[in-house]
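Line order of the protein sequences matches chains A and B. For what it's worth, the working numbering labels the leading residue of the first sequence as 2, then goes sequentially. For what it's worth, the working numbering labels the leading residue of the second sequence as 783, then goes sequentially.
Treat the hints with care, since some could be wrong.
If you want the footprint, here are the derived chain B segments under chain A, 3+ residues with CB under 8 angstroms [stated by the list, open to error]:
1. 857-865
2. 873-884
The calculated SDA-like cross-link candidates involving lysine to any residue, where the alpha carbons are at most 25 angstroms apart (straight line), are [unchecked claim]:
3. Lys209(A) to Ala796(B)
4. Lys209(A) to Leu793(B)
5. Lys275(A) to Thr816(B)
6. Lys275(A) to Ala785(B)
7. Lys909(B) to Lys209(A)
8. Lys339(A) to Asp915(B)
Hint data in this document are derived by calculation from the structure and do not stem from the laboratory. Backbone N, C-alpha and C define an ideal beta-carbon position, used for all residues, glycine too.
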Amino acid sequence: MKIYVPMDSAAKALGADDVAAAIIAEAASRGLEIELIRNGTRGMIWLEPLVEIDRGAGRVGYGPVLPADVPALLDGTLKGLGRVEQIPFFARQTRLTFARCGVTDPLNLDDYQAHGGLAGLRRAAGLSSTEIVEEVTQSGLRGRGGAGFPTGIKWNTVRQAEADQKYIVCNADEGDSGTFADRVIMEGDPFCLIEGMAIAGLGVGATKGYIYLRSEYPDAIRVMQEAVRIARANGVLGADVLGAGRAFDMEIRVGAGAYVCGEETSLLNSLEGKRGVVRAKPPLPALQGFLGKPTVVNNVISLATVPVILEKGAQHYADFGLGRSRGTIPVQIAGNVKHGGLFETAFGMPLGELVLDIAGGTASGRPVKAVQVGGPLGAYMPLERFDTPFGYEEFDGAGGLIGHAGMVVFDDSADMLQMARFAMEFCAVESCGKCTPCRIGAVRGVETIDRIAAGDPGAIPLLTDLCETMTDGSLCALGGFTPYPVMSALTHFPEDFATAKEAAE
Amino acid sequence: MRAIISDHLHLEGALLPILHALQNACGRIPQEATPLIADALNISKAEVHGVISFYHDFREVPAGRHVVKICRAEACQAVGGNALAEAALARLGVEWHGTTGNGAVTLEPVYCLGLCACGPAAMVDGKVHGRVDEVRMAKLLAEAGA
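Make a model of the complete structure from these sequences and hints.
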């Protein structure tokens, strides 16, 4: 009998380690022979710890399981969820990037290969660099970190650059609230990211890679470090990748708690051992990146999607999606929701369907008021925008952005003036300080919103004006996009900005 | 300290790994380390200090015996994170980054632990906790000796 208990940190945060220990103890006391596997998460966080038991006829789910449930679980009398793949939240997904996540043992390379792992890298090893980059370009993959820049074009710039050394840098500084896809794949299928980086290395002629991983993810750091060690020991990384005669190796580097280091140029400075201050562009990192050398900087999900593109072909991937948003996107459903978790789907599903149908509305049972999409720099979308299809251009047209595809749902108890104030406060705390609109503007923004709250009607146009300055004058997305949450709150929820004023009058 | 520093000198961009290693070993970045690092990396002491002071993680004053981090980001706010944080601050009688009088607990804000679908989230000495309510937080703080 195989028993799966996730080692994902969300599952651990909800008691998975205690459940695993209870299963081992109970099985030992019964003299029952079991194989306990610590898998990644299936992404259905409201069911965590989600224990799966395979008695020879498929994996049956139970969850959330408490340690006290373990005797009944082993008796077979605990009420189950049926076959995990048939739970509607899971069955409705299109899992390409996350196909193995939750299925396999994350640190078992044989298990990885038995589920299609390394097929992409093996194919890439037989292709020229031009052919690899062409495949990624044809897939239509765009930067999943939020900017949505076509990955193939970035790679081609690095491929064509002349240099004695090139680098692949993976941006794993997933600091946006409401997003956890990077963490889930690093903890649940780390070889997939390693494989994607190795393919990128072969594609652009880079022999060295770094994962810049935030310190707030200690579990992901541990899993990735172990996975890199295993990959190196098995010839996936090193001087002769899979015996193809080309070199690629990589290291894990740990961030130090600065949100702005998720911005690529700031990340590069941090990786070089400097303050995480944003660099002006040009020069592009693709030409002068890490240590001034041509560098591919991609998000975890962009790189972890490359193996499936190489394995199944660009067209297979590009056949999913909507408009210029090709393939799938792991939507992360968070905040006040009934069914929170990771939902990978082809681009195009309307926001409202994700919030009300897939996520099942709020956990509190109160009406949904707003959904912040794309992290702390994303707009608050009101119910009137729930018909917006999930896609880069579609969200842009609706005054928002999809960012890293995190969705934070708020019920009607949310005070949008306070959320706008928080956005400015966060920007002030995390600003790198290089450009004035961000460094000073965010501080003034907090003060101006406090004036609105105190009933000063003249402060509203001032806030609007300040936001325009920040949008137009900031060097990077931190100062430049903070106006998204602020202005969307002000525009869509004017009543939250008016009550104090009316009370004062 | 010299040994920790020299262990990392072969790395590209060695400063952050050095600072992490020093803090792991000493619980803080000792002031005496700054000139040693500057000398080893051939950069100025001001540059070293600039890097230490830029990042939220690095501390020059030791923390309490346990570090409790409470997530303040939007997803946790949507499920009562602010009230949880306020209650914890009041219970310990400290401000953010403050340490209790008995030296047991330092309370820090954190902006996202990636546990956004099971908030409010907290981390105690690197161990994560989800769906933390006030009762659970009180228990965690008591276990930490606050």
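Okay, the hints, checked on the actual structure:
1. 857-865: holds (count 5)
2. 873-884: n = 0 at 8 angstroms, threshold three: violated.
3. Lys209(A) to Ala796(B): holds, 16 angstroms
4. Lys209(A) to Leu793(B): Holds, at about 12 angstroms.
5. Lys275(A) to Thr816(B): Holds - the C-alpha atoms of Thr816(B) and Lys275(A) are around 14 angstroms apart, at most 25 angstroms.
6. Lys275(A) to Ala785(B): holds, 22 angstroms
7. Lys909(B) to Lys209(A): Distance of about 32 angstroms is beyond 25 angstroms: violated.
8. Lys339(A) to Asp915(B): The hint holds at about 17 angstroms.
Of the numbered hints listed earlier, those contradicted by the structure are 2, 7.
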